[in-house]
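Colleague: Next come the chains, spelled out residue by residue.
2 protein chains.
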Amino acid sequence: MNVIPPKDINLVPFVSVDHMMKLVLKLGVGTVLNGIAKAIEDDFRRWELFDKTPRVASHSKEGVIELMPTSDGEVYGFKYVNGHPKNMKEGLQTVTAFGLLADVNSGYPVMLSEMTILTALRTAATSAVAAKYLAPKGSKCMAMIGNGAQSEFQALAFKALLGIDELRLYDVDPVATEKCMQNLEGFGFKMTACTSAEDAVEGAQIITTVTADKQYATILTDNMVGSGVHINAIGGDCPGKTELHKDILLRSDIFVEYPPQTRIEGEIQQLPEDYPVKELWQVMTGAIEGRKAPEQVTLFDSVGFAIEDFSALRYIHGKLKETGMYENLDMIADPDEPRDLFGMLLRASVANPDLPSPAL
Amino acid sequence: MNVIPPKDINLVPFVSVDHMMKLVLKLGVGTVLNGIAKAIEDDFRRWELFDKTPRVASHSKEGVIELMPTSDGEVYGFKYVNGHPKNMKEGLQTVTAFGLLADVNSGYPVMLSEMTILTALRTAATSAVAAKYLAPKGSKCMAMIGNGAQSEFQALAFKALLGIDELRLYDVDPVATEKCMQNLEGFGFKMTACTSAEDAVEGAQIITTVTADKQYATILTDNMVGSGVHINAIGGDCPGKTELHKDILLRSDIFVEYPPQTRIEGEIQQLPEDYPVKELWQVMTGAIEGRKAPEQVTLFDSVGFAIEDFSALRYIHGKLKETGMYENLDMIADPDEPRDLFGMLLRASVANPDLPSPAL
Numbered sequence: 009m010n011v012i013p014p015k016d017i018n019l020v021p022f023v024s025v026d027h028m029m030k031l032v033l034k035l036g037v038g039t040v041l042n043g044i045a046k047a048i049e050d051d052f053r054r055w056e057l058f059d060k061t062p063r064v065a066s067h068s069k070e071g072v073i074e075l076m077p078t079s080d081g082e083v084y085g086f087k088y089v090n091g092h093p094k095n096m097k098e099g100l101q102t103v104t105a106f107g108l109l110a111d112v113n114s115g116y117p118v119m120l121s122e123m124t125i126l127t128a129l130r131t132a133a134t135s136a137v138a139a140k141y142l143a144p145k146g147s148k149c150m151a152m153i154g155n156g157a158q159s160e161f162q163a164l165a166f167k168a169l170l171g172i173d174e175l176r177l178y179d180v181d182p183v184a185t186e187k188c189m190q191n192l193e194g195f196g197f198k199m200t201a202c203t204s205a206e207d208a209v210e211g212a213q214i215i216t217t218v219t220a221d222k223q224y225a226t227i228l229t230d231n232m233v234g235s236g237v238h239i240n241a242i243g244g245d246c247p248g249k250t251e252l253h254k255d256i257l258l259r260s261d262i263f264v265e266y267p268p269q270t271r272i273e274g275e276i277q278q279l280p281e282d283y284p285v286k287e288l289w290q291v292m293t294g295a296i297e298g299r300k301a302p303e304q305v306t307l308f309d310s311v312g313f314a315i316e317d318f319s320a321l322r323y324i325h326g327k328l329k330e331t332g333m334y335e336n337l338d339m340i341a342d343p344d345e346p347r348d349l350f351g352m353l354l355r356a357s358v359a360n361p362d363l364p365s366p367a368l
Numbered sequence: 009m010n011v012i013p014p015k016d017i018n019l020v021p022f023v024s025v026d027h028m029m030k031l032v033l034k035l036g037v038g039t040v041l042n043g044i045a046k047a048i049e050d051d052f053r054r055w056e057l058f059d060k061t062p063r064v065a066s067h068s069k070e071g072v073i074e075l076m077p078t079s080d081g082e083v084y085g086f087k088y089v090n091g092h093p094k095n096m097k098e099g100l101q102t103v104t105a106f107g108l109l110a111d112v113n114s115g116y117p118v119m120l121s122e123m124t125i126l127t128a129l130r131t132a133a134t135s136a137v138a139a140k141y142l143a144p145k146g147s148k149c150m151a152m153i154g155n156g157a158q159s160e161f162q163a164l165a166f167k168a169l170l171g172i173d174e175l176r177l178y179d180v181d182p183v184a185t186e187k188c189m190q191n192l193e194g195f196g197f198k199m200t201a202c203t204s205a206e207d208a209v210e211g212a213q214i215i216t217t218v219t220a221d222k223q224y225a226t227i228l229t230d231n232m233v234g235s236g237v238h239i240n241a242i243g244g245d246c247p248g249k250t251e252l253h254k255d256i257l258l259r260s261d262i263f264v265e266y267p268p269q270t271r272i273e274g275e276i277q278q279l280p281e282d283y284p285v286k287e288l289w290q291v292m293t294g295a296i297e298g299r300k301a302p303e304q305v306t307l308f309d310s311v312g313f314a315i316e317d318f319s320a321l322r323y324i325h326g327k328l329k330e331t332g333m334y335e336n337l338d339m340i341a342d343p344d345e346p347r348d349l350f351g352m353l354l355r356a357s358v359a360n361p362d363l364p365s366p367a368l
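As you go down the protein sequences, you meet chains A and B in turn.
Its first residue numbered 9, the first sequence is counted upward by one per residue in this note's numbering.
Its first residue numbered 9, the second sequence is counted upward by one per residue in this note's numbering.
It is possible that some hints are incorrect.
Over the 12 Å line for every Cβ pair with chain B, so calculated as not near, a few chain A residues [what the hints assert, rightly or not]:
#	residue
1	TRP55
2	GLU56
3	GLY91
4	GLU174
5	LYS198
6	ALA201
7	GLU206
8	THR229
9	ASP230
10	GLY248
11	GLN290
12	VAL291
13	LYS300
14	GLN304
15	VAL305
16	LYS329
Only pairs whose alpha carbons sit at most 16 Å apart, straight line, appear in this in silico EDC-like list of lysine to aspartate or glutamate [as the list claims (entries may be wrong)]:
#	chain 1	residue 1	chain 2	residue 2
17	A	LYS60	A	GLU82
18	B	LYS69	A	ASP111
19	A	LYS69	B	GLU82
20	B	LYS69	A	ASP80
21	A	LYS69	B	ASP344
22	B	LYS97	A	ASP344
23	A	LYS97	B	ASP344
24	B	LYS97	A	ASP348
25	A	LYS60	A	ASP80
26	A	LYS140	A	ASP173
27	A	LYS69	B	ASP111
28	A	LYS97	B	ASP348
29	A	LYS97	B	ASP342
30	B	LYS97	A	GLU345
31	B	LYS34	A	ASP362
32	A	LYS148	A	GLU210
33	A	LYS94	A	GLU70
34	A	LYS94	B	ASP111
35	B	LYS254	B	ASP230
36	B	LYS140	B	ASP59
37	B	LYS97	A	ASP342
38	A	LYS97	B	GLU345
39	B	LYS140	B	ASP173
40	B	LYS69	A	ASP59
No lab work stands behind these hints, which were simulated from the structure alone.
As the structure is a computational prediction, the values presented were derived from the model and not from experiment.
The C-beta atom is built at its ideal place from N, Cα and C for all residues, glycine as well.
Bound conformation, chain A alone (with noise of 0.2 Å):
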């Protein structure tokens, strides 16, 4: 990665949630979801390199907020991002978040950016990229049970890398389902609101599974699954909430991003400490296999890490000069000599003469 400072060192480029928006539609959803799922699958090839360390959480009644920062070695990163899954009723968002990147050599930032949007999209680029090793080859159709806000970034990525065309969808809340088909109208899905997630499943060579209750629940029972799926389990990503029951998970292949934070916040947070699992990274770089055989059930056990958040930041940072889809941040204190920080105090004090002058 190609870490330019800008010009004026004090200013860190911004991406606001309206120039995300805009970099997006820009670029196009389908680019944009390819390149963040090359960027991801990039560094997880180079994954020995990073610096590791499960998030960094802060608990509370309501929710939790949640610190993610990782290195490769030249550039810092790390994501902002709060889960409060109460919030819905009031109106907020559940997951909201912003990232950072920053220059290792220097300490100084380089990039400031949304994440909300940011980690919607690299989570559907995530399981996309996962799939693409791990589904039956050739799968046309998914099924996609939880039809909230991460449910058409997932069907997207999914159409944009694997080539998903057929969408079964099922939502507790069948006005979710409705919304999410408004808004994939136009995409070229096949698409189908079913009345069960056992109707969902019918048919379906991948299961999605990406509800939002903070709970232990069986979205998938055993007898639903049958041989050759890929499972891509999105919804169970803190203690306490699972999608899946355990049968399904014992008869399965199970691949996840870090196993330290998965046993904790995944869905194999129901078997022994010590269960075997396959790590995602080794699969790309070809170390381990990923689907062997046809019968084989595999299970993306996804939790989100760190690293996936990194390669979308620097799929965007890549991406600033060419679409201008920024403004700079007066963020960082850079006085004309490093030791005089209060003379830049006192400087200012003179170009504003119509402030008080500094006195004690």
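Given the structure of chain A, go ahead and fit chain B onto it with the hints provided.
Modeller: Okay, now just chain B, sitting in the frame of chain A:
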């Protein structure tokens, strides 16, 4: 604290470097130092309420990038801060920082702020608060060894909170001392440029060491520290970086912010892990005594702790309305219907007919 989410909840008030300087000038640097000091004292008195974790550090050959989160259960705060000693030679700041406050109940950010200047203010305010409890009564004269970016802030905080009006200044680079004296002209100090550290400590009741070299240094040796002195040791703040000879530590009463962090980063990294130290917050609550006797040598082994940043951010947040020194950032994606994040993107497309329509 009163966290008032902005009316437009997608907008996050941002305090730029320029706004921070103007805010400080508008309110007066003494008022701001006193205000931050009060916020720190208030928060230290309710120390046990806070989430406390050592900072999350990402080390590289050239420096470190750290995240410092904390929460009092109602408000969450974190600071991003780097430390790159080699930066100064390249005309960059050794330390730059920014920070954020968020509402624990919703997880939504309520303020983003530059913190390079604010960190300088809070570090100085913390030192002065500590000295209020630890320095000899009626102290008038402070030696300051190291006259870099933090020095003027230290001097002003000690004047604002303790009435220090005589400074004895020394730096290995006389240019730094000259800069410091020029900047402090007009603030009512009697200042002496000294020829050595030995010279500087002559007659001072308080000795502040605030040098920047990333190494084990011996800025003060035992024979330089007379009885009854208070040492305010700022510069030793990461593993491998100390300023005081071990013998000084052995005859001082040592006060620290958060022992698990100070034992790694502070002067006391030179001492056994179980060497007794006192916690500053307990002095403030009255649980333990500060200075007990005139001949006692007291040492504040300062490394900087997340709660001080939290206090400083909280103070600034409380001054936004009064000063108007902020701008709103479009940082949080906030669709009218929380589950309709993708629909927001579609509506942005309708609103921007010059951009391509979303399609795959």
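Colleague: Confirm or reject each hint.
Modeller: Going down the list of hints, with the structure as the test:
no., hint, verdict
1, TRP55, "holds (17 Å)"
2, GLU56, "holds (16 Å)"
3, GLY91, "violated (7 Å)"
4, GLU174, "holds (14 Å)"
5, LYS198, "holds (14 Å)"
6, ALA201, "holds (16 Å)"
7, GLU206, "holds (23 Å)"
8, THR229, "holds (25 Å)"
9, ASP230, "holds (29 Å)"
10, GLY248, "holds (17 Å)"
11, GLN290, "holds (24 Å)"
12, VAL291, "holds (26 Å)"
13, LYS300, "holds (30 Å)"
14, GLN304, "holds (29 Å)"
15, VAL305, "holds (28 Å)"
16, LYS329, "holds (18 Å)"
17, A:LYS60 x A:GLU82, "holds (14 Å)"
18, B:LYS69 x A:ASP111, "holds (13 Å)"
19, A:LYS69 x B:GLU82, "holds (11 Å)"
20, B:LYS69 x A:ASP80, "holds (13 Å)"
21, A:LYS69 x B:ASP344, "violated (25 Å)"
22, B:LYS97 x A:ASP344, "holds (12 Å)"
23, A:LYS97 x B:ASP344, "holds (12 Å)"
24, B:LYS97 x A:ASP348, "holds (14 Å)"
25, A:LYS60 x A:ASP80, "holds (9 Å)"
26, A:LYS140 x A:ASP173, "holds (15 Å)"
27, A:LYS69 x B:ASP111, "holds (13 Å)"
28, A:LYS97 x B:ASP348, "holds (14 Å)"
29, A:LYS97 x B:ASP342, "holds (14 Å)"
30, B:LYS97 x A:GLU345, "holds (10 Å)"
31, B:LYS34 x A:ASP362, "holds (9 Å)"
32, A:LYS148 x A:GLU210, "holds (13 Å)"
33, A:LYS94 x A:GLU70, "holds (7 Å)"
34, A:LYS94 x B:ASP111, "holds (14 Å)"
35, B:LYS254 x B:ASP230, "holds (8 Å)"
36, B:LYS140 x B:ASP59, "violated (26 Å)"
37, B:LYS97 x A:ASP342, "holds (14 Å)"
38, A:LYS97 x B:GLU345, "holds (10 Å)"
39, B:LYS140 x B:ASP173, "holds (15 Å)"
40, B:LYS69 x A:ASP59, "holds (14 Å)"
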